[in-house]
Amino acid sequence: QVQLVESGGGVVQPGRFLRLSCAASGFTFSNYGMHWVRQAPGKGLDWVAVISHDGSNKYYADSVKGRFTISRDNSKNTLFLQMSSLRAEDTAVYYCAKDHRGIVGATDYWGQGTLVTVSS
Amino acid sequence: AIRITQSPSSLSASTGDSVTITCRASQDISNYLAWYQQKPGKAPKLLIYAASTLHSGVPSRFSGNGSGTDFTLTISRLQSEDFATFYCQQYYTYPRTFGQGTKVEIK
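Protein chains in written order, with the numbering used here: chain U, 1 to 120; chain P, 121 to 227.
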């Protein structure tokens, strides 16, 4: 069965950086686009970024463009989110999610999330 | 970015009732709309994609309808496990955008 396990969250000071990872199993990782979606405490869902199956196409939300970088290592079935210049408003649970069809489908499976808290 | 307006923000219903949630997109998104269910402390789960196609394993009491700009999610015969928050999302274009969510509570 599809399994996505995020890691790397924690408490970080404003302006610093953090790298999240998402380990995938139960499907052919290299065939699917992958997303990051976040959820601030008590708030709704907020799409962050997507990467195509081979890493050749990437899209970002305007709120993170230039600060966050999505990448993947298909040899290790792992997705990453490098976050820099972190702000208090980046505080959220970050979910990785698999795309149903390339990078043009719905997100059909989600990890359990990892909490990032940006605070001094 | 495409704006998605979801309503209502919350509703109360009893087990066995039918409820309908609505999402309206700020422009034509064809049928590129998905519905998700989220329970407290848990990740969202995909219910419906392509506006009306049930994801694998989703009970048939969930149904989706619509195309263009107006979409609905209907839950027939509410079960206790259905009380949760529901979100719609357009995947017609990037950036992808979600509705604000609808919390379905027990009356």
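Bear in mind the hints are in silico, worked out from the structure with no lab data behind them. Using N, Cα and C, we set each Cβ at its ideal position, and we do this for glycine too. Some hints here could point you the wrong way.
[As the list claims (entries may be wrong)] Covered stretches of chain U (in silico footprint by chain P; criterion: 3 or more residues with CB under 8 Å from a CB of chain P, positions within the stretch not fixed):
id, segment
1, 41 to 52
2, 57 to 71
3, 94 to 104
For this session: Please count how many residues of the segment 57 to 71 of chain U have a CB within 8 Å of a CB from chain P and say whether that reaches 3.
Result: Our answer is that it holds, as 4 residues pass the Cβ test (under 8 Å) against chain P, meeting three.
For this session: Test coverage of the segment 41 to 52 of chain U by chain P using CB-CB distances below 8 Å; three residues minimum.
Result: holds (count 5)
Exercise. The segment 94 to 104 of chain U covered by chain P? Criterion: 3 or more residues, Cβ-Cβ distance below 8 Å.
Worked result: holds (count 3)
The structure is consistent with each of the numbered hints, conforming to all of them.
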